[in-house]
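Colleague: For reference, the chains in residue letters:
There are 2 protein chains.
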Amino acid sequence: MDTIQSDNYPIYFNNSIDELVSFVKKGAYSKFFILTDENTGVHCLPIVKSKLDELGDYDLIEINAGEESKDIDFCIGVWKMLIDFGADRKSLMINLGGGVVTDLGGFAASTYKRGIDFVHVPTTLLSQVDASVGGKTGIDIDSIKNIIGTFTQPKAVFIEYNFLKTLPPRQILSGLAEMLKHGLIADAAYWNELKSSDLKKPTVQLVYRSVEIKNVITIEDPKEKGIRKALNFGHTIGHAVETNSLINDKDPLSHGEAIAIGMICESYLAYKKTGLSAEELSEITHVFSDLYPRYTIAESSFDNLFAIMQKDKKNQDNKINCTLLTKIGQCNIDNICTEAELRESLMYYINL
Amino acid sequence: MDTIQSDNYPIYFNNSIDELVSFVKKGAYSKFFILTDENTGVHCLPIVKSKLDELGDYDLIEINAGEESKDIDFCIGVWKMLIDFGADRKSLMINLGGGVVTDLGGFAASTYKRGIDFVHVPTTLLSQVDASVGGKTGIDIDSIKNIIGTFTQPKAVFIEYNFLKTLPPRQILSGLAEMLKHGLIADAAYWNELKSSDLKKPTVQLVYRSVEIKNVITIEDPKEKGIRKALNFGHTIGHAVETNSLINDKDPLSHGEAIAIGMICESYLAYKKTGLSAEELSEITHVFSDLYPRYTIAESSFDNLFAIMQKDKKNQDNKINCTLLTKIGQCNIDNICTEAELRESLMYYINL
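So the sequence lines, in the order shown, correspond to chains A and B. So for the first sequence, the working numbering puts the first residue at 440; every next one is plus one. So for the second sequence, the working numbering puts the first residue at 440; every next one is plus one.
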């Protein structure tokens, strides 16, 4: 596997931790900081610690695991630690963790002293195939996901496949939803390859292909004016379901579990609005229903879900906007969906 | 006076409010928001309100006047109001006010939904000649000025000279310090012109020239890797004096008053380190001493001042960094100054 070239930065797949050490050594940074979460601290940091220790002193900033840590209050905590540790403009932030760490760390670094360098070392499947590529950073306010953020590219991304071996199956499934999305929006052959694979253990080649697809799309449209919106497939409804679950459920849905629901609903919308065939709707529905546990959405929660969708970043002029498939491997951006249509698509999921 | 072209955006000087109205009308924005402070709301908003009302509905976000409003907590307040008002990615933020409003508003807009358009309508002399030009946005944490921010250019700047007529003399003096700085670092003829002018009422031509100087420097080096550091003259010591005053004084120094002290001290450092002549040091000292009230700095506050300077964004490797004049109209960036040198320069001011 070759190193993938993104928008002025490399994405390493081979000997990634060695590449990280070499990157830091070459960078002439005044200090470096590792942002991580408690889980990564336990499972992944030990794998890389001996190599990082070659680099000399660094400060570790550890946050709690989970989406709650993406709140602005935790971001303020990270900023204050950077201040207290004396981070200057020549400091480097290494975001070692899942999407919460890379999104929050990217935002904190991109705004600290008007921007210091940062790199991502994604440790979950979800962050390897999604969050770490494309230059989006973000934090939440009042549980509104990524409502505050920047478009800022990391200086490099280091993807270490071995980290995936430490993940529980539910976290593999969470990342897998984004990989399946990449096939659905852009590459029917990849979708078919995924379908015929052992998806409990995606190979490094499959991970690599997902990063390639996301990278091509985000290079073409870094600021999401057009084609990048393809990546939002499943996310209009999925984000709302995820946010609602985060607020109300004791054991909230993972991102991928929520997005899988979103992709089923939005495939139904595609069947109604953009020409997705009944056969392909059925195929998509079956793949996701087989992989992901059934989730109960009460009709009484629809009003909440709509209220969340109304606040979605992707909207314009108060209209709810979806990316919809035209067939497997192709999609159409900027489809306005009415409340009635969205309600019908949720009913489709409920009645499965 | 021609419209000044900056880094992909215009800076209007003629019929600026008409230009603003025309800009908003042409922009096809879904909504627009005016961020202002209580003083601007009283003194400036009425002057432009009838014209803005031509544009239809807008939401007004008003913050308290003063540097305290640049704290992250107020920024969160602005973000939450944008959420509540339903601002989408096609919304426009109009920052109508002084530097606090343009810095905070620029930061809030540049990070809301990963960036919405914003324009500046600076209402103080300081914000017209300094904050509104050059693309720096910023907020404070724990009274550390601009510790968090972005480099993001506004879509346009509208400089309305008539606003200056509403300003108290102390605010004129605050902006004047930056104008004098522009002469000192880049244009001896402009410095001489300023010296021979009635500085209680700077003409629009003088304001224009300051914006020209700042604009040329910031276009050449938008992210402050090199020459833009020239604009930091007076600010290493000045910022520390300002922050210390903000924390401890009942009636804190204005930005310009603090920077004037910083420029006297740093001119002394230039005399000791970078070849500024004794005559020019004397000339600079007299100009600032005549214009600005004497301020008492106790020797017992020196430790505090150094502690603040240690946290300055401009430092690298824990060394305090100053821009120093070589002669009037020319300067040198990146001069490391020792604690002893800085202490001596403060003593120079104290003993005047």
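To be clear, the hints were calculated from the coordinates, so they are not data collected in a lab. Hints should not be assumed to be uniformly reliable.
One copy or two, it doesn't matter: identical chains are merged, so the pair holds either way.
Stated by the list, open to error - Distance condition first, Cα-Cα at most 30 Å in a straight line; then the derived DSBU-like pairs of lysine-lysine:
hint	residue 1	residue 2
1	Lys752	Lys465
2	Lys465	Lys640
3	Lys529	Lys712
4	Lys662	Lys639
5	Lys604	Lys752
6	Lys766	Lys639
Colleague: Work down the list of hints and note, for each, if the structure agrees.
Modeller: Comparing the hints with the structure gives:
no.: 1; hint: Lys752 - Lys465; verdict: between (38 Å within a copy, 23 Å between copies)
no.: 2; hint: Lys465 - Lys640; verdict: neither (35 Å within a copy, 53 Å between copies)
no.: 3; hint: Lys529 - Lys712; verdict: between (51 Å within a copy, 25 Å between copies)
no.: 4; hint: Lys662 - Lys639; verdict: neither (33 Å within a copy, 46 Å between copies)
no.: 5; hint: Lys604 - Lys752; verdict: neither (34 Å within a copy, 41 Å between copies)
no.: 6; hint: Lys766 - Lys639; verdict: within (26 Å within a copy, 70 Å between copies)
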